[in-house]
Amino acid sequence: MMTQSQNKSIDGRLVALGCNYEPWIALLEQSGWKTHCCYDLRTVDSILEEYSPCICVVDLSNNDFSLNSISLRANKTKQVKWIAIIKKEQLKTDAICQFINNFCIDYFTVPIPSSHMLSTIGHQLGMLEIESSSWVEITSQHDMGLYGESKSIKQLRDMVRRVAMTEVNVFLTGENGTGKELIAKSIHNLSKRKNTPFIAVNCASLNHDDENMSLLDGSYRQEDGTPFNGTLMLDNVDELSKEMQEKLLAYLQAPTSDSLEGEASGDVRIIASTSADLDAAVANGTFSKELYYRLNVFHIKVPTLRERGSDIFLLAETFLTKFAREYSTMASSFSEDSKQLLLRYSWPGNVRELINQVKRAALLAEGNEVKAEHFDLPSKSNLKQSLRNIKDEAEKDVLVAVLETHRGQVASAAKDLGVSRATMYRLLNKHNIVPDVRHYNNGYARD
101 MMTQSQNKSI DGRLVALGCN YEPWIALLEQ SGWKTHCCYD LRTVDSILEE
151 YSPCICVVDL SNNDFSLNSI SLRANKTKQV KWIAIIKKEQ LKTDAICQFI
201 NNFCIDYFTV PIPSSHMLST IGHQLGMLEI ESSSWVEITS QHDMGLYGES
251 KSIKQLRDMV RRVAMTEVNV FLTGENGTGK ELIAKSIHNL SKRKNTPFIA
301 VNCASLNHDD ENMSLLDGSY RQEDGTPFNG TLMLDNVDEL SKEMQEKLLA
351 YLQAPTSDSL EGEASGDVRI IASTSADLDA AVANGTFSKE LYYRLNVFHI
401 KVPTLRERGS DIFLLAETFL TKFAREYSTM ASSFSEDSKQ LLLRYSWPGN
451 VRELINQVKR AALLAEGNEV KAEHFDLPSK SNLKQSLRNI KDEAEKDVLV
501 AVLETHRGQV ASAAKDLGVS RATMYRLLNK HNIVPDVRHY NNGYARD
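At position 35 of the sequence shown the residue is numbered 135 (our numbering), and the sequence of numbers has no breaks.
Don't read these hints as lab results, they were simulated from the structure. All figures in this text were calculated on a predicted structure; none of them were measured in a lab. Among the clues, some could well be false.
Derived lysine-lysine pairs resembling DSSO-like cross-links, with alpha carbons at most 27 Å apart [to be verified]:
# : residue 1 : residue 2
1 : K292      : K254
2 : K401      : K389
3 : K254      : K389
Construct all of the structure, not just a fragment, from the sequences and the given hints.
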């Protein structure tokens, strides 16, 4: 699905934010560039959206704008190349240097060297043309697999974008529910293979009678009898049996364009994924070291939802809009208590769990507002109780271990823990632990 900006031809478009009508702007217009000089931050968002892909030159030399406001806009714009204009002495200002480092492709100090500025802008237009020919708006596809504004998801998007344009095999690791298959599809759709098939195989369910087995040796044929050309995702690759590992390794080691049967094979890119510790599997011999190195050419660790804290509510709002429309409900916002619940929960099931919870809430909400009771998540009091239970269990385990070390002798165990005998007996009573020195091999008798 192409965005509005991607349907435009990439001609010269420039937004000059806070700039006077400089000679270099006039020269650009004479060369056919479409320019817009803007001095109002309230309208710059719509202008950038209209002009994107574009170059945005922002004049910071007169301190007319809040640097934070400019940073927020630079952070959320896509396919906009930012160039800053500053005074030389502003290079001593940390905030200015941080802005340039984070968001700008270049900067100029006043007075502006027109020829240098024109050269830079022209080069960046060329870069936009290259990017627009390959960059798909990935956040509009695959159920938001790469959606968000957190640092970790931005880094992930950058890695996906870079590796997609290569032909190397990719190795995805991360917890269950983080969206590894969605990311594999994004890599495929951003690559030169985007018009070829994408096949995802769950290695945990493969058996010898499965037709997908032929994908592992290059003998797979499409409906028209031609070899498979495209992207093959091997999900749960750690589940491959030894025999299947050997078959896949032999195929990967075979000369290009040859299957194991000597027939012409397809042009296949492999994206493998796992939630397991494959390094440990290699170390203990359950997974082939040679195959591991063949698959793990470019490693991407998919972040958990816990590592994307700032994205949680952003994702929740996006999913709520999607499901409210899908199920024709009125739900459109979250109550304050539901917001706190979403942000406080640890999300062990990651994005998949968040999707399911928001889907449930969208269905249960009776009006416009989603409340905490519409989620099937622990309440604040339950979370506190869970933490208390964890603490109590840890305390109990320490008491048992120390008693065992001191063969049931309370006095020496208390001394070891640095507490009085009275405190030690109180803790033992709290956890129903009864020391029994007669059975010092066990060290205690316990309910």
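Going down the list of hints, with the structure as the test:
no.: 1; hint: K292 with K254; result: 22 Å, holds
no.: 2; hint: K401 with K389; result: 19 Å, holds
no.: 3; hint: K254 with K389; result: 31 Å, violated
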